Amino acid sequence: MPMIDIDWLKDHVEVPEDLTYEQLAKDLVKVGLEEEEIHSSQVTGPIVVGYVVDATPEPQKNGKIINWCHVDVGPEYNETDEHGNKVPRGIICGAPNMAAGEKVVVTLPGAVLPGDFKIEPRKTYGHISNGMCASERELGLGDNHDGIILLRNYGFTPEEYDALKPGDDAMHLLHLDQPLLEINITPDRGYAFSYRGVAREYHHSTGAAYVDPAVELNAKAPVVAGDPNVTPDIEVSIEDDNPIHGVPGCDRYYARAVRGFDPAAHTPNWMRRRLVRAGMRSISLAVDVTNYVMLDLGQPMHAYDMDKIEGPIVVRRAREGEQLTTLDGKNHDLSTEDLLITDSPNGDRGSRILGIAGVMGGLYGEVTADTKNILLEAAHFDQVTIARSARRHKIPSEASRRFERGVDSQLQPAAAQMAAELLSRYGDGEPSMHPTDVNNVVFRRPIHFKASEVARVAGLDVDVNRISDILTDIGCRVAGGGNGEFSVTAPSWRPDLNEACDLVEEVARLVGYDEIPVTVPPAPVNGAVGLTPEQRHRREVANELAEYGMVEALSYPFIGDEEFKEFGYDVDATKRVSVEITNPLAGNRPYLRRDILPTLAGTVQLNLRRGLENISLYEIGHVYLWDPNAPAIPALPGGVKPTDEQLAALDAGLPEQPMHVAGILTGLAENSGWLGGKRTVDWSDAVEAVRRIGERLGADLTFDQPAAADVPAQWHPGRTARVMAGDTFVGLVGELHPHIDKALGFPEHSAAFELDLDALFATLDGKPVQAKPISTFPPVKQDLAFTVPTTVSAAQLEDVIREAAGDALESIELFDVFTGDQIGEGLKSLAFAVVFRAPDKTLTAEDSEAIRKAIVDKAAGIGAQLRA
Amino acid sequence: MAEVQFDAQAVTDAVNDGIAKIENASTSEELKAIKSGVITALTQASKAIGSLPVDQKKDAGKLMGKLRADFGRAFGAKETQVKADEEAKALAAETVDMTLPVDRKPLGARHPISRVIEDIEDFFTSMGWQISAGPEVETEWYNFDALNFGPDHPARQMQDTFYVKGNQAKDAAGFVGSNMVVRTQTSSDQVRALITRGVPLYIASPGRVFRTDELDATHTPVFHQCEALAVDKHLTMADLKGVLDKLAVAMFGPEAKTRLRPSYFPFTEPSAELDLWFPDKKGGPGWLEWGGCGMVNPNVLKSAGIDPDVYTGFAFGVGVERTLLLRHDINDMHDLVEGDVRFSEQFVMGE
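These protein sequence lines map, in sequence, to chains A and B. What the first sequence shows, in this note's numbering, is residues 1 to 868, in sequence order. What the second sequence shows, in this note's numbering, is residues 1 to 351, in sequence order.
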């Protein structure tokens, strides 16, 4: 994002003498230009101008030639010889361009350069080097490290150069001591990608006097009258046969020649310094000027070697199969949506590609070190066309960044004028007075603006006249206003202003958001109150598990082959039904989970690896179930409500994303320390967690144990149950398969559960509990022990007892489970404590005997025998 | 058996002897034995009274009454004292070190992100708003187009979006894909809620969002936001500021307040960055970035078929992680996302 240099900003707007970068940042943020960072100076002095008195080449054994130099750095910094006389400093310099008579930049002992590079006297090549002559790179001024800085080449005028005296502060000369403000530009404010724009915003913030440089430059630009007797600099033709969204890729192309340019001319020091501080390299005067104009005015420009171009220039879309090697040496297959700048060698119209419009030039036609005649291009390209080409070819250039945010459509003559003046002043070029201007810019429709919108939307009470003044100040033409309604034409540099609400924002931000009053809207009259049952249930589950002793975690849902394998999934089959990310952060985890357990397992592992033990985690979150047969999702325009069919099509293509809860329990389930109670986790701890969830929700959960062969591979074949809410399958609970424990590094018998909460919550009717009356008659307590085949589950027998006992059964508790020789092969003993109680009378011995008999008879039906 | 003679002296001696022994007794057992001896003497003497001449019976009866009373007084007082001593001793024997650590049924912990989301939900429901939620894998239409991010909008590129792979669909710019993303913002729920719930609408939509930022001290690719949206007649930016100030107070205490700075979001116009005045900021109270907000762009209302000339609305989004980092002085995002139990256990059931 752009760097703001106060020294440059004040070309366009008055700033206080003592303006600090901190204050500038505050002023700009008020109107919406956010501070990214204030870059403070990276170097400390002393760094001074030095005059090379002599330089003696000394060939070294390694073949290198170094210079033993004496450099005059002024009376303050020069050395003192044995007689007490000030003499030039002895400095060793290996740079090939070191020569006597040069003025150079000397970093003296005590200076610190970027990278915490401290300058100290040091013994080297048999001399004491008492300082260092610096290159651009060493000072953080650029990436040039081919030699030291020769101030002769730094674009000073002869007078300025002569005035440079040994010992002068080079920090200030090169602005090394100046900070810079880096700002963020929101995508709607393309014009703020220029000093012209930032200066205007500074004016809006502070009221400082601002002069739009484009006004004077446009006035100075030659008038293109279309006189048939005048031959323009070059013929230009815009031939767009494939506009995007019906918008031509180029609606203005302005070309102006500068002839007789001196290719040896240097970029002036001030321009070079400003470019470098803006983060650009200084390349050559012609290129530097186009970059400088872009940074200053916001108009990206291109400079061609006019002698290599054969007219007409044709602006057209690429044709199928065309290719271009761009300036950066990369080859691109062009798309028929790419807009090209082409010329016409040998009369072959538009046959040679010069570049991708507004994005990057090609290798042919560029200005070079020999260019004498320059053709300047200042054009206005369509935002979408440029954005797509930059995106397609992955070339986010300084030019494309500006074009895709929108460039001023009236700026082209001014930009060319400014560039021409600079090339003339510093390169002796002669600007043509017959530029070419193909201008198809469509006039913008004025915005109908009711002043009352400011109050209706922003809540600001602003006088109509003030509204008009503010809009005028941002560059709008404001007409009407008598009845509180205006016709507002937005300025050419504000393509973002198209609707009334855009103008409301302009008024509100310039009045100041702080001026908006503060109110609170009343609660809506209609509609439900509070959380939905599902939202409440989610909290109940989360709180229950935490109260049970588990710790909540939130794992990333990303997953890949390795996790699939570790967790015992069929990798290929799972991938087919998993959501895949096109651009994952980690290439080995491009999928989204279908269950929480595998990603939660990663969090358990992280804890175990950190030496923590007895980790029991749970997570509530979504899983993503890809349907390979889901219909394609349509692309629909915004700003229009889709039809019901279209809305249905949007949702039909989305994967199901139910909310799950999962838990993993490892290590000790009970650990009461000195109290001595220690017990390791097993299946029962997971069942307990699920049971508590069920009770907390009021769900009637049952456990249905499948045959070992039907248990999924992740689970222990003999210690896993399907969790049922009535007839609805809601998840699994049990112990992880020993293979999984081993693969994940979990303790043996680690337990787990995963439930589909959407499915579970859907089984809850949400009706208030209907309370039963409490009987005050005495209970009858009995113990009943049965011998049953091992194939009969405790739950089956309990169900039978409940059914047989009927309403008289108050409670039933399994208190003993027992197998062994006394019972016999294939059998087990289950002992229940039951309590009978009638609601309306004291049960007699006959009553309880009848109930007991009913139970025994019924239990016999599933092979259960009452033990004597 | 021969008749026993009533011996006034003997029974008096027996009782006095008993009373004397009581003085020295220190256990219930001793007292019981003494009592039993005295009762025996008294019972025998009582029986002997029957054989006394009538004129002596009265005196004997008086004597017996006095002896019983004397003994009863002495015994009662001592018995109370001995029992109290014995109980005190027994309780002393049961004394434990009450500072021993006891953690028979340890509490687990909620994750602070989930808890702060619940706090935010409670804030909104207390104002009469509803809580909404949209899908995390979302259509590009709801995540972008409906929110005024056209297919070529520069902001669509700046969101660091995770795209969902697919080859069946084409987007409006002709790029082949799925037309699905993993949502970049909870704002994706705005138009869904407007279409399914209609206006007037007052909702908050907290949830998970995704951006292609690598995990580091200040970024995480998976994080949480809470979107708030109100659409009604007569809502202005003043209402936006009021709700934001109240939320700030709910999250950061009575000194907190908010400030708006001009900014840009495609789905709001006017738009603003939301700054929080944070009284407990390190190095002194100050403004910190908290989220983004603005008045709902008319194009968003139109995406839901709502007339922007009749209805206005405001929307804002705050980062849940950011809220926690500020409030709890968490310096590294890793702590918040890794799931190390030591982190969550600091917060137990609350935050």
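If you are wondering where the hints come from, they were derived from the structure by calculation, not from laboratory data. Computed from a predicted model, the values in this text were never measured in an experiment. One or more of the hints may lead you astray.
Unchecked claim - Quick look at which bits of chain B chain A covers, simulated, 3 or more residues with Cβ under 8 angstroms:
#, segment
1, 34-43
2, 87-98
3, 195-205
4, 218-231
5, 242-254
6, 335-346
C-beta: ideal position from N, C-alpha, C; glycine also.
Any hints this thing doesn't respect? Which numbers, in order? 1, 2
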